[in-house]
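2 protein chains.
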Amino acid sequence: MPRKLGRAGKIKTPHGIIETPAFVSVGTKATVKSLTPEMLRDIGAQIVLGNTFHLYLEPGEEIVEKACGFGKFMGWNGPTMTDSGGFQVFSLGAAFGNRESKIKSSPRKIGGFNTTATKKARIDEDGVSFFSPRDGSEHRFTPEKSIEIQHKLGADIIFAFDECTSPTAPYEYQKKAMERTHRWAERSLKAHQKAKKVLELSELFGIVQGGRYEDLRKESARVISKLDFDGFGIGGSFDKEDMGKAVRWVNKILPEEKPRHLLGIGGVEDLFSAVENGCDTFDCVAPTREARTGSIYSSKGRINITNARYKTDFSPIDKNCPCYTCKNFTKAYISHLFRSNELLAYTLASIHNLYFFISLVKNMRQTILDGKFEKYKKSFLSSFRA
Amino acid sequence: MPRKLGRAGKIKTPHGIIETPAFVSVGTKATVKSLTPEMLRDIGAQIVLGNTFHLYLEPGEEIVEKACGFGKFMGWNGPTMTDSGGFQVFSLGAAFGNRESKIKSSPRKIGGFNTTATKKARIDEDGVSFFSPRDGSEHRFTPEKSIEIQHKLGADIIFAFDECTSPTAPYEYQKKAMERTHRWAERSLKAHQKAKKVLELSELFGIVQGGRYEDLRKESARVISKLDFDGFGIGGSFDKEDMGKAVRWVNKILPEEKPRHLLGIGGVEDLFSAVENGCDTFDCVAPTREARTGSIYSSKGRINITNARYKTDFSPIDKNCPCYTCKNFTKAYISHLFRSNELLAYTLASIHNLYFFISLVKNMRQTILDGKFEKYKKSFLSSFRA
Chain A
39 MPRKLGRAGK IKTPHGIIET PAFVSVGTKA TVKSLTPEML RDIGAQIVLG NTFHLYLEPG
99 EEIVEKACGF GKFMGWNGPT MTDSGGFQVF SLGAAFGNRE SKIKSSPRKI GGFNTTATKK
159 ARIDEDGVSF FSPRDGSEHR FTPEKSIEIQ HKLGADIIFA FDECTSPTAP YEYQKKAMER
219 THRWAERSLK AHQKAKKVLE LSELFGIVQG GRYEDLRKES ARVISKLDFD GFGIGGSFDK
279 EDMGKAVRWV NKILPEEKPR HLLGIGGVED LFSAVENGCD TFDCVAPTRE ARTGSIYSSK
339 GRINITNARY KTDFSPIDKN CPCYTCKNFT KAYISHLFRS NELLAYTLAS IHNLYFFISL
399 VKNMRQTILD GKFEKYKKSF LSSFRA
Chain B
39 MPRKLGRAGK IKTPHGIIET PAFVSVGTKA TVKSLTPEML RDIGAQIVLG NTFHLYLEPG
99 EEIVEKACGF GKFMGWNGPT MTDSGGFQVF SLGAAFGNRE SKIKSSPRKI GGFNTTATKK
159 ARIDEDGVSF FSPRDGSEHR FTPEKSIEIQ HKLGADIIFA FDECTSPTAP YEYQKKAMER
219 THRWAERSLK AHQKAKKVLE LSELFGIVQG GRYEDLRKES ARVISKLDFD GFGIGGSFDK
279 EDMGKAVRWV NKILPEEKPR HLLGIGGVED LFSAVENGCD TFDCVAPTRE ARTGSIYSSK
339 GRINITNARY KTDFSPIDKN CPCYTCKNFT KAYISHLFRS NELLAYTLAS IHNLYFFISL
399 VKNMRQTILD GKFEKYKKSF LSSFRA
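Top line first, the protein sequences correspond to chains A and B. The first sequence runs 39 to 424 under the working numbering. The second sequence runs 39 to 424 under the working numbering.
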């Protein structure tokens, strides 16, 4: 029988302890969309993640630094993390306008703005040039720059600069990108350690890449785990059926005593699979992004609250859910707010969806501690329709 | 020396006591835009007003009735009021597309949709035909219909159906419209009393009209005050300098023992003037509507928070303001949220602006009780720039 990877633990940060497994709320631009920090606390959120690239563009890391960091700026006094900007290499590169195309790697030096370029990110050995999706202005991230910005943003946990590749990229490209990510990891670590000599600083997590190839994932896990990181991120996109497998390959190699964050994953089944295979934390925009379209979670699956049938449904979204939305409002009311384009619709739906995901992962933690995770997973997924 | 009209009092409702003068929060479609009912309570809101015409269109009065009324539907357990739809006669009629034009009064029977009509409301002796601003569908309100809908919406205080005229309408039209409003008042009252025989019902307020003409305002006050209403509304648009005068004419005639609501007025100077001249309650969308554009109130006047100077201003909007927004967030942060089009921007700005207006009127109440209203008014207005 294979060794069990799923685990319950605790991550200590200067802003409190994170009980893991834990779902990380995404506060891209220093706000979890439509929610106050008090609402986040009431929901049971333990940690908020900010996006380095977005905060660098607006309001700029200098302003966040002057505000005494990301958490303080947004009024959140719990633990925080920032990503490295590496995901934007994917979202503005390979994924831009065409989810299937691979990142165009260009070793030549970036000059002026190439008006014929369809991709908004170009990679070379030293770093990545981005074109701002807001105004087309050019920006450059290197591992050193990403770390410098993240230090100014001042989260408790920060990440090494990496390249998040497309799941459809061929083996050769995945290997090349992974090896570059390893060199960037060393440079990120060096920049962090240098700054750490003069400043009390955050924990730095190294990122494992390697796409969906077993040998690359294992090689990446071996290389990154040998570096002096405080924890690890598992990056990249996966095919749904590959994810659990790829995470297992990696987590069998990563040192047991350090935390493991799975970047940008948050489907219900994916979360079970990630927890089962040894991940401790996960961030995903899905709960709040879907909430804003009226797509709402319950233990039976998702409903679209704008559906006409809910106009006269005076029951809560989920009668067993103790969240603020379910305790105080009916489907008929929330459905009315969505049809009327009322801002409160997004708040109430986001509270519920985020509560759903945070509680789901909390329950996974409890059932691990009770030795009943397998049973919980089976029972939950048998009635849940994605 | 003239008799002092300004007064502090209490209005009893089945959902609690309103200490007056009081600012009424506007929850047009059964939500004070971007705020939860808990936020409203924390702000110190005492009463919420819903708009009958909007709620009739969406979700429909039948659904609100099934939800046990407007307050219950939106999760607000304090006092409530609904307007009569009369303001929409103005906003879809005289004011539609051209603030200055007068309402086109058409005695002929309304047939199909007149595609050449620019106005979206047409008035005859029996009532008003509206064309929905959403889909062009035709709807008809009469005094009896307005009362029937308001009974279903189930607020604590409801209003007789009236015509809100344009401030630029000539004397002859104002007189004609006022006389019709008086006939509608009697019909509203009769419909209410008939229903009251079988149901435990809300209080009905009659509305005084008459534009800015002294003889008409006084006549309207005399006619309406003789009818068996539980309180009064003062309707119509005013020129800024006329308002205090017109309100004074009316309140000298209205019986002292019944409450007086000034409909849709909410400028800072107007509120001082209305309180001074004997009004008890006031509703206005300005605090929340302006908040959503970044226009924020303080004791010194309004600022536009999106102004570049606030990007690095790490002080609260008003260091003396104890509202949630001022206690927890800086101008730099709120300004960042607005520049990033983040939903939380509207919530935080609305909390502050609504707190500002509600507290301002609470302070007026206290200074009336302390005999210091005049001094407070003078001191407040000397430093406030509208």
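Calculated from the structure, these hints are not laboratory results. Heads up, some of the hints might be wrong.
Since copy identity is lost for identical chains, a pair holds within one copy or between any two.
As the list claims (entries may be wrong) - Derived lysine-lysine pairs resembling DSSO-like cross-links, with alpha carbons at most 27 Å apart:
hint : residue 1 : residue 2
1    : 357       : 71
2    : 416       : 157
3    : 349       : 190
4    : 413       : 278
5    : 296       : 158
6    : 104       : 357
7    : 349       : 104
This structure is a prediction, so every number in the text was calculated from the model and none was measured.
Contradicted hints - numbers only: 2 and 5
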